[in-house]
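> Residue numbers (my numbering), protein chains in the order written: chain A, 1 to 504; chain B, 1 to 341.
I should point out that these hints are in silico values taken from the structure, not numbers from a laboratory.
For each residue, glycine too, the CB sits at the ideal point set by N, CA and C.
Keep in mind that the hints are not guaranteed to be accurate.
Stated by the list, open to error - Just so you have them, the derived chain A footprint on chain B, three or more residues with Cβ under 8 Å:
| no. | stretch |
| --- | --- |
| 1 | 180 to 192 |
| 2 | 196 to 205 |
| 3 | 210 to 221 |
Said to hold, decoys possible - Cβ-to-Cβ under 10 Å is the rule here; a few derived chain B residues that face chain A:
| no. | residue |
| --- | --- |
| 4 | Asp4 |
| 5 | Ser97 |
| 6 | Ala149 |
| 7 | Gly269 |
| 8 | Arg270 |
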Amino acid sequence: MQTSDHILQAIRIEKEFPGTKALDKVDFHLRRGEVHALLGENGAGKSTLIKCLTGAYHRDGGTILLDGEEVDPRDTFDAQKLGIGTVYQEVNLLPNLTVAENLFLGRQPRRFGMVDARAMNRQARDLLADYELDLDVTRDLASYSVAIQQVVAIARAVDLSGKVLILDEPTASLDAHEVAMLFRIVRRLRARGLGIVFVTHFLEQVYEISDRITVLRNGQLVGTRETTDLERRELIAMMIGRELAAEIHAPRPEAVQGPMRYRFRNYGSKGHISPFDLDVRAGEVVGMAGLLGSGRTETAELLFGACRADSGQAEIDGRPVELPSPRAAIRHRFGFCPEDRKIAGIVGDLSVRENIVLALQARRGWTRPISRAEQNRLVDHYIRALDIRTADREKPIRLLSGGNQQKVILARWLATEPELLILDEPTRGIDVGAHAEIVKLIEALREKGMSLVVISSEIEELVAYSTRVIVLRDRAHVAELDGHRITAHQIVEAIAATNDRRAS
Amino acid sequence: MISDVRLYLNRLLPQLIALCVIVAAVSLVFPGFLSLEIQNGRLYGSLVDILNRGAPVVLLAIGMTVVIATKGIDLSVGAVMAICGATAAASITSGHSLAATLLITLCVGVLCGIWNGLLVAVLDIQPIIATLVLMVAGRGIAQLITEGAILTFNDPGLIFVGSGSFAGLPMPVVIWLVFGALVAALVRRTALGMLIEAIGINRRASTLSGVLTPVLLVAAYVLSGVCAAIAGIIAAADIRGADANNAGLWLELDAILAVVVGGTSLLGGRFSIAASVLGAIIIQAINTGILLSGFPPEFNLIIKAGIIVFILVLQAPRFRTAFAFLVPARGARKPTERAAK
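Bound conformation, chain A alone (with noise of 0.2 Å):
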């Protein structure tokens, strides 16, 4: 009976990283003939799963079953001989073809062992005529829109595969009508029975298209349901978790006391940020909470100055400042652990000291160095005060375990002694343990009275360290709450919301 009604099923997918167990024991099932939406924050382990599914990662361990036998996909072509297709975000395509060399790249109709263009041309119009699209299949792929390109790729990975298609994010660069046109052939798919996985940020387009939803959060699963019975607040807290929140938050009445000392008037980016307001005291940890794609990291690199704002005023101390750059900005004793790590953070092969003592060099000057044994007295003092787990001070950091890179990130700012601390997803992508330590460290930064503005997708986490939470929706600072006021569920209402400005 299972067998018959599921197309796909992935059950106990594990898959682990060095540091982080990625999926833990994931159970994925896709019927015949549905729109399954796939959703998480980033992390959680869409993608991860995906990526098991289709052969691109080797899973640890757990079961495939395609039609009821058990398959081993070995890559994506593998995956793909077996029915599995996958469409990205950007093209997959190869945008100089055109686009009947596209979709029979690699299996183009031949005579006498040459390429039959026109045959291959007519077969290609026959099939895009199924997608509703009369396109002149001679032309490059290039010359079309991306949307177009999209329905092509669709095209030729449904020729290609034929059960099971998995859209990852393929509205990302779409408009209105564009996205439209993308369901109506989904649609259609549907009807004809294949199985479709869609992996989306955006909520509106889940409940338009899909019929059951999963989540996934922190590589596990926390629940398959049908879109119909699942409320769109409900959804949000499975996504961002709520069930292990402390509903009662005890106030901090002696971190409110501090005195003010960051006020941002109107401050904002075109295309990044609207201009928001933004006051810090001391002592005081502003946390912000949000969907991803809601504009916290903009508003952290803007007041990192990583981002140039073109509107409003900053203030420290009731001193005008310009924070045009991260220089200035440290210059202003502000610190910013970003939220890449890989990218923005660890300069991987230099030494945990490299590492450590970079921005506090920086802001010195090259043509005053630190000396060695400073060097190694400071860095010594981090790796015990933060437990950083190294053999050594000059094991290069990649060799690390991500929260053990988390914490060397943090002392290279604790380093030049910062007074505003911004820190991007601290507990992302890291262990248990470090976890906790980490959000004991802000706890005892703010006890001694540093500033500091923290921004995580984790909502219990953001109850349990922050004297004040904003809300951010649609790239704007939305709500702010204080006090009693911050619990999980007044954080995931303020997130739901539905927003009246987008719509006038």
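Given chain A's structure and the hints, the job is docking chain B onto it.
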């Protein structure tokens, strides 16, 4: 302190071994190879000749090392040599003093470096393309300066730079020894070296940590330009004339090869000036050695190519993982060496 010295020697070990092997091999074929003699207070011999002939590539390699450490490359150094050689010749023949000539030429080298640096750091053009511009245009500029002819000069002061001697050593050798030591001290006694390596490994992370990325990038290309200017002066002084078409021709490739032989990765990051200098000397030792050994000079390029392939294979990750078992063996050997001493 002692462990630092050992670490340093460890880093240079492959290059030192390669150089010794080459010198030993050549001296077997050509017995007079190792002999040194002093005439008129100056050292003569094949080994000195290698150091002397290798001067331009050594100088280019010093600048190239720093540029490559920033994850860049400077293809224009050969052409900048031609420009600067032409500038020096034109300046001295039009009656400027030696000091003024040297100053003008170095300034031209700095300007070339600023041009490359701005293209890379401010306009964010890929270094290989950005420096290709000056590589192509540079010889044209040099020809404009020499007006298409070989511009000869006979100023004794300028000629001394190419063929004079100081403290028993040929001037070019003295120049690169002093200049190399200065640059090495500049990058390692200050924090410059670490900041440059940080930029080469992760430019975004460095910028976010407050490193003055664009300025340091421009500075790296300026250093490369200055190195090319000195090499250009030496090359011109050596032949007592500026040849816009042939001065420094293909030397950018020798300089890149020297850096690679020296073990600095083209992907940027960790670098060693001393290793690159050794790399340049190795290349010159091969050139000179083959000539002295009586092989037809055609072999020169083939053997050079063979060495490139060999060194690239040594650096390939697949090769390294395949022979990873050698590394612990080497670590295990060290204590016995120490005990023997």
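> Output the indices of the hints that this structure fails to meet, ascending.
5, 6
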